[in-house]
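> Protein chains in written order, with this note's numbering: chain A, 1 to 278; chain B, 1 to 278.
Hints in this document: simulated from the structure, not taken from any laboratory. Do not take every clue at face value.
Chain A stretches covered by chain B per the calculated footprint, using a threshold of three residues with CB under 8 Å from any CB of chain B [to be verified]:
(1) 31-40
(2) 119-132
(3) 163-171
(4) 180-186
(5) 189-195
(6) 240-251
So the derived label-pair ranges between C-beta atoms look like this [unchecked claim]:
(7) Gly35/B to Gly219/A: 18 to 24 Å
(8) Lys262/B to Ser205/A: 23 to 29 Å
(9) Gly193/A to Lys214/B: 32 to 38 Å
(10) Asp263/A to Glu265/B: 48 to 54 Å
(11) Asp51/A to Ala259/B: 42 to 48 Å
(12) Lys262/A to Glu270/B: 48 to 54 Å
Cβ coordinates follow ideal geometry from the N, Cα and C atoms, glycine included.
Below, each chain spelled out in residue letters.
There are 2 protein chains.
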Amino acid sequence: MTNLKIGLLHPGAMGVTIGAAALVDGSPVGWASNGRSEATRERAAAHPFEDLKSVDALVQWSDVILSVCPPHAALELAQSVADAGFSGIYVDANAVSPATAHAVQEVVEAAGASFVDGGIIGPPARQAGTTRLYLSGERADQIAQCFDRSPLHAIAIGEQPGAASALKMCYAAYTKGSSALLLAICALAKAQGVNEALREEWEISQPGLADRAKGAARGSAPKAWRFEGEMREIAATFQAAGLPGGFHEGAAELYHMLAGFKDSEAPTLEEVVATLLA
Amino acid sequence: MTNLKIGLLHPGAMGVTIGAAALVDGSPVGWASNGRSEATRERAAAHPFEDLKSVDALVQWSDVILSVCPPHAALELAQSVADAGFSGIYVDANAVSPATAHAVQEVVEAAGASFVDGGIIGPPARQAGTTRLYLSGERADQIAQCFDRSPLHAIAIGEQPGAASALKMCYAAYTKGSSALLLAICALAKAQGVNEALREEWEISQPGLADRAKGAARGSAPKAWRFEGEMREIAATFQAAGLPGGFHEGAAELYHMLAGFKDSEAPTLEEVVATLLA
Numbered sequence: 001m002t003n004l005k006i007g008l009l010h011p012g013a014m015g016v017t018i019g020a021a022a023l024v025d026g027s028p029v030g031w032a033s034n035g036r037s038e039a040t041r042e043r044a045a046a047h048p049f050e051d052l053k054s055v056d057a058l059v060q061w062s063d064v065i066l067s068v069c070p071p072h073a074a075l076e077l078a079q080s081v082a083d084a085g086f087s088g089i090y091v092d093a094n095a096v097s098p099a100t101a102h103a104v105q106e107v108v109e110a111a112g113a114s115f116v117d118g119g120i121i122g123p124p125a126r127q128a129g130t131t132r133l134y135l136s137g138e139r140a141d142q143i144a145q146c147f148d149r150s151p152l153h154a155i156a157i158g159e160q161p162g163a164a165s166a167l168k169m170c171y172a173a174y175t176k177g178s179s180a181l182l183l184a185i186c187a188l189a190k191a192q193g194v195n196e197a198l199r200e201e202w203e204i205s206q207p208g209l210a211d212r213a214k215g216a217a218r219g220s221a222p223k224a225w226r227f228e229g230e231m232r233e234i235a236a237t238f239q240a241a242g243l244p245g246g247f248h249e250g251a252a253e254l255y256h257m258l259a260g261f262k263d264s265e266a267p268t269l270e271e272v273v274a275t276l277l278a
Numbered sequence: 001m002t003n004l005k006i007g008l009l010h011p012g013a014m015g016v017t018i019g020a021a022a023l024v025d026g027s028p029v030g031w032a033s034n035g036r037s038e039a040t041r042e043r044a045a046a047h048p049f050e051d052l053k054s055v056d057a058l059v060q061w062s063d064v065i066l067s068v069c070p071p072h073a074a075l076e077l078a079q080s081v082a083d084a085g086f087s088g089i090y091v092d093a094n095a096v097s098p099a100t101a102h103a104v105q106e107v108v109e110a111a112g113a114s115f116v117d118g119g120i121i122g123p124p125a126r127q128a129g130t131t132r133l134y135l136s137g138e139r140a141d142q143i144a145q146c147f148d149r150s151p152l153h154a155i156a157i158g159e160q161p162g163a164a165s166a167l168k169m170c171y172a173a174y175t176k177g178s179s180a181l182l183l184a185i186c187a188l189a190k191a192q193g194v195n196e197a198l199r200e201e202w203e204i205s206q207p208g209l210a211d212r213a214k215g216a217a218r219g220s221a222p223k224a225w226r227f228e229g230e231m232r233e234i235a236a237t238f239q240a241a242g243l244p245g246g247f248h249e250g251a252a253e254l255y256h257m258l259a260g261f262k263d264s265e266a267p268t269l270e271e272v273v274a275t276l277l278a
């Protein structure tokens, strides 16, 4: 097949590895540097991406727009691409609810583009076997083929837009939801003066859980600022299916309390607990 | 020490093993059969417990009253024991919030009794090493000694009433909270048509989670009718500490939806999911 030109919005920590994966398969990758942070510029500069400067110019250049951004920004980003008159394939790979994915679909289809729903599971795709890009929609197969020989495993799971987002919501509902729960519990135990007793009980009957809590502090607190929006998307997905949204409303609240850890390096569980109880 | 006479309210599936454990250590154990179910009578009849028929007579007979009941019934049970003029040691071993434990304390102390807070972690204590009874309060040590040589491991964790309840809340917050979360996720995945894709992703990146979901259906759905109250106690405990109560409001809602599985034998995940989506 002809290699499609892929416009990447934006080369964040995750997005830059998705763009690099597309390059491996031979697709030219472009981005738009206007208004992006220094960190994003540095990440992009490490790869032979074409800098089209503006979103408008990138939209003209691209056959595919690949949206990888925090969930709360997904719909606005789609609107800006639609406003620029994009008529290629728009892939929303963000952690949004099926309802938000359908809203993105409406916006881009109104501008004449095709919509492919996506959901990324795993860490930034630097090596093979760690990360999957699930895709759904009529042209999902075509997008999956852009990553055939790359370290990113792209998997088309059907023609139904919304399916890839639903899968991502279900997956993150457990991983990020249970991490938030663990952090809240550690804070509660500390507040009640039973943290040592809880640690000893966990050692007996829940081996590994204390380590998971430390890992959640280290790994999740620095990303809490963008997890809040994802938790709200998940809560909405549960509620739309007639299931309880409370778990992830609670998780959203908890991550909101930890937003100040943005860009911090590997905070300890003690630091995270102290912030939750402040 | 003199063996204390222990009045057991009530010999449910858990309570009967706590009574049996006290017997092992030489404490006479009494109960009150009036108004109890056939299942409870059968369980009690399997042990040399003394049947005092009424709560009033049991209260007169007992040095210690040990309350083991569903959390929503704990305060009412304490009130009935106080009303009968109990002035011994009242142990509340139920899955209640520290605030509810303090309410129980007030009620029994007003009648002249001493209060010991308790929390049970583990399955019914049929064999050594499976089950802990955490105790807190001024006379916690004295109660712990009643189980010195029994299969139940009784652990005094300090003089502060409320600590044992707090520990139980923290513990169950994860075990029962994450089970509820898993069941909700399986229902959501089914509703969205991505349950097969989720199972495959879990096999890659969350080995064991699909089995945990099946275990949660089998083990938790039959007890969901009494987990709802426990989840509400946990939510209240979080909120009182300035932490999100949503996780366990969601879990309470979920277990409420499964209350009809009471007394069912090992329901399958498919059956539980179908009920959640009905």
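> Now tell me, hint by hint, if it's right for this structure.
Verification of the hints:
no.	hint	result
1	31-40	violated (count 0)
2	119-132	holds (count 3)
3	163-171	holds (count 6)
4	180-186	holds (count 5)
5	189-195	holds (count 5)
6	240-251	holds (count 11)
7	Gly35/B to Gly219/A: 18 to 24 Å	violated (53 Å)
8	Lys262/B to Ser205/A: 23 to 29 Å	holds (25 Å)
9	Gly193/A to Lys214/B: 32 to 38 Å	holds (37 Å)
10	Asp263/A to Glu265/B: 48 to 54 Å	holds (52 Å)
11	Asp51/A to Ala259/B: 42 to 48 Å	violated (59 Å)
12	Lys262/A to Glu270/B: 48 to 54 Å	violated (42 Å)
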